[in-house]
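*Asks:* Construct all of the structure, not just a fragment, from the sequences and the given hints.
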Amino acid sequence: MRNTDFQRTLSAQDLSAVRLSRWYDRVHVDPILVTLLTVVIVFGLVVLRSAVAGNEPLYEAQLKRLGVAYVALIVAAQAPPYFYQRMAPLIYLFGLVFLVLVLFFGVQVKGSQRWLDVFGLFRFQPSELMKLAVPMAVAWYLQKRSLPPSLKYTLACLCIILLPALLIGRQPDLGTSILVFGAGFSVLLLAGLSWRWVLWSGLAVAAAAPLIWQFVLEGYQRQRILTLFDPQSDPLGAGWNIIQSTTAIGSGGLFGKGLFQGSQSYLEFLPEARTDFIVAVLGEELGFVGVAFLLLMYLLIIARGLWLASQAQSTFGRLLAGAFVFTFFVYVFVNVAMVSGILPVVGVPLPLVSYGGTSAITLMAGFGVIMSVRTHKAW
Amino acid sequence: MAFESSIKDQSREVELFVGRATTLFVGVVLLLGILALRLLELQVWNYDTYASRSDDNRMRVQTLAPARGMIFDRNGQLLADNQNASSLALVVDEISDVQKTLDALTSILALSEAQENEILARLRSRRTSDAHVVIIDSLSESEVSRLAVNRHVLPGVLVVNQLVRFYPYGEIAAHAVGSVRRMTDDDLRRVDPVQYSATTFIGKRGVEAFYEEQLHGAVGYQKAETDALGRKRQTLDVQSPLAGKDIHLHLDIELQKASVEALSGRRGAIVALDPRSGGVLAMVSMPAYDPNIFVTGMSESAFSALSSSEYVPLFNRATNGQYAPGSTFKPIVGLSGIANGRVAWDDEIEDRGAFQLPGQERVYRDWSWTKDDSGGQGMVDLRRAIYRSSNVYFYDLASRLPIRSLIDFADEFGMGQNLVLDIPSASQGLLPDPVWKQGVKGLPWYPGDSVNMGIGQGDLLATPMQMAVVAATFANRGYRVSPRMAQESYDGDSSAAFATASARTNRVGLEQLSDDDWEKMVASMEDVIHRGNQGFRGNGTAWSYIGRDIEYRMAGKSGTAQVVEISQGEEYDEEELSEFDRKHAWFIAFAPVENPTIALAVLVENGGGGSSVAAPVARAVIDAHMKQQRLQGLHNMAMAE
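Chains as they are written, first to last, in this note's numbering: chain R, 5 to 383; chain A, 31 to 671.
To be clear, the hints were calculated from the coordinates, so they are not data collected in a lab.
Where is the CB? At the ideal position from N, CA and C, for every residue including glycine.
Check the hints yourself; a few may be wrong.
With a Cα cut of at most 35 Å, we get these calculated DSBU-like pairs of lysine-lysine [stated by the list, open to error]:
id, chain 1, residue 1, chain 2, residue 2
1, A, Lys287, A, Lys275
2, R, Lys261, A, Lys262
3, A, Lys262, A, Lys275
4, R, Lys261, A, Lys467
5, A, Lys550, A, Lys467
6, A, Lys253, A, Lys287
A few chain R residues that don't get close to chain A, going by computed Cβ distances all over 10 Å [stated by the list, open to error]:
id, residue
7, Val56
8, Leu100
9, Ser190
*Replies:* Here it is, written out as structure tokens:
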């Protein structure tokens, strides 16, 4: 044994001893990250307050869900990484089975089949579970292999990712499909996937774009992409959302029209103002300053999340935590980009701000895992 | 060894991870930077574009229709009112699939196919300036609530309140007041598009049409905040519309009602004037129509039934029905003879019931002629010729009068002219003369034409309105008036013309006729009604029908106008003629004789004898007028005390 190796092991033990001396480490919660998340959640609740336009029951329901989300965070933080590692293949397989069941027995809502009715007791969306299960499975697969992954292992990982992503795309739920793919793929990137391969496969996809356009995309999806380039071609139909959301954001100006003063959302021009398009309400009422503040908070969350991930004591924990952070970013980017009219409209909520429980709970559980990997010993 | 390599892996993997995470974090910062740039583009660089787009979204400038002026009778009774109605309107710009919306409406409101077609027609003929198109005029309360319940599936569908015309007297005053109709494309081309941008109805007939400009008022505007479904949330700025002017008519709705009753369902017309002003006190044309159906909408079949009926209820007989005046023309012929000096009041001729022009075979008969009785009124002077309505006297007189002077004289009474000041498109009748006959018929004026004109037959035509003017002229002892509906001019520019026209015109036959001549003619016409108990052929023609129990002095003249020519030697037999070939019954009258306050003309289409059929109608109308005058007199006295 070389000296350096020995030293490092010692110092790691030292470090963990210091860490565990802090009270918040003993409950496995990172105060900085929790503070940042809470700032975003409170800010989001203020915007949502305006977007619900006086619909109190809706607002209270969201408050309850966020309470549940905090509980999910704390619970997820208590479980040690090796627990997730052991459960990863199992959760993934269950998720796949559920996804197949959804295809056959799912409940149809607004034209797509995403929900599973469990004995009439409650409804459950397996694709939401896959946002956590896929990165877990990929991280589980890679932690046993030496990194960066070889071509063989990379292809195996792609299979793990694409199988559920395609099943979800069939529902159809392009938004979640993208998030699941993003979550799994970010594990590969963090694991050191060769940039050259990424570049080549990117070029290959670009070359295949006409074929994808022709054979993979559904008519309405093609319409959404076309609309992006010329919203005025169908101002009352496909172009409506994008015209109204850019109008809302643009009319907010630098400082906004003032909280609760957004005419676009109050007069119901803005579609889905509470859910996917809530950033337009923010942009209209609090202006560029408001949106920029939120984006800055998101950036800080991502930075803190990545730092926590880098402190993980196992490869699995590191990869998983890092992947969750990037999934979170994909949420932010896809949502803001689509509402501001630079990406086609896909169903992705603004994390921790949009009305709706499932994604908030999943995300907060993800942050719980991130906090777990730093404060728990690898084994 | 495995242990060692695992440790090495760990350290390398941490480095790898940190490197990758750093790279990706840089990517995150770049992508968030792109989002920030996009937001700057929208919110800062292109702020003006989006701000105005947002304002365009929420603000809607709506034009506001002015309330139409109301129409009152001379005693302040409301003849045309405005009522609030809930109407269904579509904001077409906000409906992506109009057919789908219509289907939904059809199922919610249980619309009939005819209604659907009407809606489609209205959508086709909509004006581009319209913010919304009214597709159903008056909704019931239950329809309004059903629409409210289904509001979420009906974007762009509005329930709007609009003022619509209401005619409380329905068909009683239909032809007098006129009616409004939904504006058509033709109307739109004629009117000021700005002033009418919010207006749905326009005056189409009668007073409503003539005073359209005054009744309409001026358009208003409102700037309103409107939501995505086209519903108004709040009003930001309003410029109120200016209501139209109210119009007060000479019409007396009580007299109008009495006139309708007096006709008791028969076809015909009554025009009653105030001879002092020319104001129309009553104007009835029967059968009539309910003008309210033009407002609330009616089915196509109902409209075609109305417009194709052989009894032409939409036709205003009072101003546009042209009939031979028959014997009601005789006082004009008589006075023309006096004025011309061809006859004196005490000149007598013997009326044996027949008249022949020298050297001609055709026999002109007395009205009392039958196959068994040659008829004739015996020795007749002008006065007796009037109250007995001697045909032979006027055949003879007309044959001796220069035709030009008779025609010019009749012209002074308004025959062949439209004197009505404020009723659109009243007919002018026909006063034939040699020039007209040559031009239209290609024939010269025969002496027989003059003979026929002597008893108001031949080509001579007059409307009941014109004959009411004749009656008023006699009532005024020669001063003609121009009939008018409104009490004053409602048009600033022409008020001077209106005032001049309201003054009496120069006296008819000014140079040639004395006051005495007029009084004698009035007395002759008085005899038509009041001369009674004089034995065989001694009574006024109308006495036995209306003169026995009359309590005031009334002057008049009956007339019975042939519709088809009865060939020589044939008797007129009502039974043998079809309904529309029977004689028209006329009566013109005025009262009280000394100081007339009413002058009227009654026409009963295909009614029969003037004295027997039209005179009782005239009496009933004048009775109603006199009763009212008496009551008003008592009222005024009471007020004075």
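*Asks:* State for each hint whether it applies.
*Replies:* Now for the hints, and whether the structure bears them out:
| no. | hint | result |
| --- | --- | --- |
| 1 | A:Lys287 to A:Lys275 | holds, 25 Å |
| 2 | R:Lys261 to A:Lys262 | holds, 21 Å |
| 3 | A:Lys262 to A:Lys275 | holds, 29 Å |
| 4 | R:Lys261 to A:Lys467 | violated, 83 Å |
| 5 | A:Lys550 to A:Lys467 | holds, 34 Å |
| 6 | A:Lys253 to A:Lys287 | violated, 46 Å |
| 7 | Val56 | holds, 16 Å |
| 8 | Leu100 | holds, 27 Å |
| 9 | Ser190 | violated, 7 Å |
Taken one by one, the earlier hints fail for this structure at numbers 4, 6 and 9, listed in ascending order.
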